[in-house]
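These protein sequence lines map, in sequence, to chains A and B.
The numbering of the first sequence is this note's numbering, which starts it at 1 and goes up by one.
The numbering of the second sequence is this note's numbering, which starts it at 183 and goes up by one.
These are calculated hints, taken from the structure and not from any lab test.
Even glycine gets a Cβ: it sits at the ideal position worked out from N, Cα and C.
Please note: incorrect hints may appear among the correct ones.
Partial list, derived from the structure: chain B residues whose beta carbon lies under 7 Å from chain A [claimed, not checked]:
no., residue
1, Asn193
2, Leu232
3, Leu254
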Amino acid sequence: MIENTDTNLIQECLIGNTKAFEALIDKYQKKIFNIVYRMTGNYDDAEDITQSVFIKVYEKLNSFNPKFKFFSWLYRIALNESLNLMNQKKRLAELDADFLTIEKTPEEKYDELELSERIQDALMNIELNHRILIVLKHFEGFSYQEMAFMLDISEKKAKSRLFSARQVLKDVLITKGIVGHD
Amino acid sequence: MIDKKNIELINKDIDGEITTIEQQRLHSFLNANPEAQKFHDKLRQISELLNKIPKVEPSPNIKKYVMNSIDLTRYSTAKKRIRFRSIFSSLFFKPIPKLAYTFALGILVGILVYSVLLENVISKRGMDVTDFYGTVGINEQAGFTTIQNIPIALPEIKGTISVKRLENIVVFETDMHSLKEMEIQFEYDNLHLQFSHFNSGSQAKMSFDFGENYIRTSCTGAIQYSLFFNELAAAGNSVILKLFVAGEVCYMQSISL
Numbered sequence: 001m002i003e004n005t006d007t008n009l010i011q012e013c014l015i016g017n018t019k020a021f022e023a024l025i026d027k028y029q030k031k032i033f034n035i036v037y038r039m040t041g042n043y044d045d046a047e048d049i050t051q052s053v054f055i056k057v058y059e060k061l062n063s064f065n066p067k068f069k070f071f072s073w074l075y076r077i078a079l080n081e082s083l084n085l086m087n088q089k090k091r092l093a094e095l096d097a098d099f100l101t102i103e104k105t106p107e108e109k110y111d112e113l114e115l116s117e118r119i120q121d122a123l124m125n126i127e128l129n130h131r132i133l134i135v136l137k138h139f140e141g142f143s144y145q146e147m148a149f150m151l152d153i154s155e156k157k158a159k160s161r162l163f164s165a166r167q168v169l170k171d172v173l174i175t176k177g178i179v180g181h182d
Numbered sequence: 183m184i185d186k187k188n189i190e191l192i193n194k195d196i197d198g199e200i201t202t203i204e205q206q207r208l209h210s211f212l213n214a215n216p217e218a219q220k221f222h223d224k225l226r227q228i229s230e231l232l233n234k235i236p237k238v239e240p241s242p243n244i245k246k247y248v249m250n251s252i253d254l255t256r257y258s259t260a261k262k263r264i265r266f267r268s269i270f271s272s273l274f275f276k277p278i279p280k281l282a283y284t285f286a287l288g289i290l291v292g293i294l295v296y297s298v299l300l301e302n303v304i305s306k307r308g309m310d311v312t313d314f315y316g317t318v319g320i321n322e323q324a325g326f327t328t329i330q331n332i333p334i335a336l337p338e339i340k341g342t343i344s345v346k347r348l349e350n351i352v353v354f355e356t357d358m359h360s361l362k363e364m365e366i367q368f369e370y371d372n373l374h375l376q377f378s379h380f381n382s383g384s385q386a387k388m389s390f391d392f393g394e395n396y397i398r399t400s401c402t403g404a405i406q407y408s409l410f411f412n413e414l415a416a417a418g419n420s421v422i423l424k425l426f427v428a429g430e431v432c433y434m435q436s437i438s439l
């Protein structure tokens, strides 16, 4: 029996078997969606990005280098798409003078939010470079080597950046009362 | 203040990548530094908190949307190309076909070499006589010499029978015209002569009959053909030529070879 590994599924896609691509979507859509959701903090954006990631992956599938892991390549595309969208939003926010007025106070907000959303909120308060590493390590459990490939940085840099990210997140979580003070 | 080395150890511990020796070293450090211990505990608490966060369920429509947005035929042409490539490769690059093609190629090369060599040998020895040149008779350049020309000038039959020879090959070239049905018979001793082959040079309808020691042709009108014999005995051979018209012998001659 032929195993449905990513490599087999990709080969099937490349000979026109669209069912194989559906299988790849089934396998990875939840993971990609979650990673993008944690990066953007917005459900609808995460959905749009997940869709565009898979469309892009399909279009570029014939340029995929099989010496790399498919999911690393997929996550790399997902991260780039997330960053692009967030940069676009940031530019729009800068143009919109009223953007910040719709923000609620932290007290109001935390009353409404579940823990998951409160952590998401804390994540959105840390730098993008730090957020990426927290998401990849703690939500997806990637190794430093995999994270380094996805972010196109050295393994050492991935490690030191994550250490800093943890400290920053700790401070934010304490400030926001999610984790108790000493 | 926690130094860089211990920060690294704390993070290693959080990641679950710490070795036993490092673990012991970290414990002693944390026991001696309450501030570092608190930092470590907080990071661990955060890590556990993050690990508890459940996955968010995406909308079930993602796949549908993606499948509706992509060009499903994008790789179907590649499929044909790859199928052709795989057939091509199975025809030429797999071990068994490869062996078969190599064998066939070997035979072909062998035939070519053999035919070139054969042609060289034949042209040197002057032995090509008929078929290779597509002629009805013999190849004049092959070196045949005429032993005898027998002119026939009967009221019903006219023509010539030429007897030619090259080494032990003897040829009877027959070029005859008849108004009535005629039969031409060559009688020979099969211990001395062996019939080799026959070449016809005319479109006339002709019947051909032969026994142990004779060959007979019968036809009406113009006829041209050559009979080839191999001489088995060295000398003293002869052939008796008989011509028949309406079943009656009208000409007979012994031909000494």
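Now for the hints, and whether the structure bears them out:
For the restraint placing Asn193 (chain B) at the interface with chain A, the shortest Cβ-Cβ distance is roughly 5 Å, inside the 7 Å limit, so the hint holds. For the restraint placing Leu232 (chain B) at the interface with chain A, the shortest Cβ-Cβ distance is roughly 4 Å, inside the 7 Å limit, so the hint holds. A hinted interface residue such as Leu254 (chain B) counts as satisfied when its beta carbon comes closer than 7 Å to some beta carbon of chain A; here the least separation is about 5 Å, so the hint holds.
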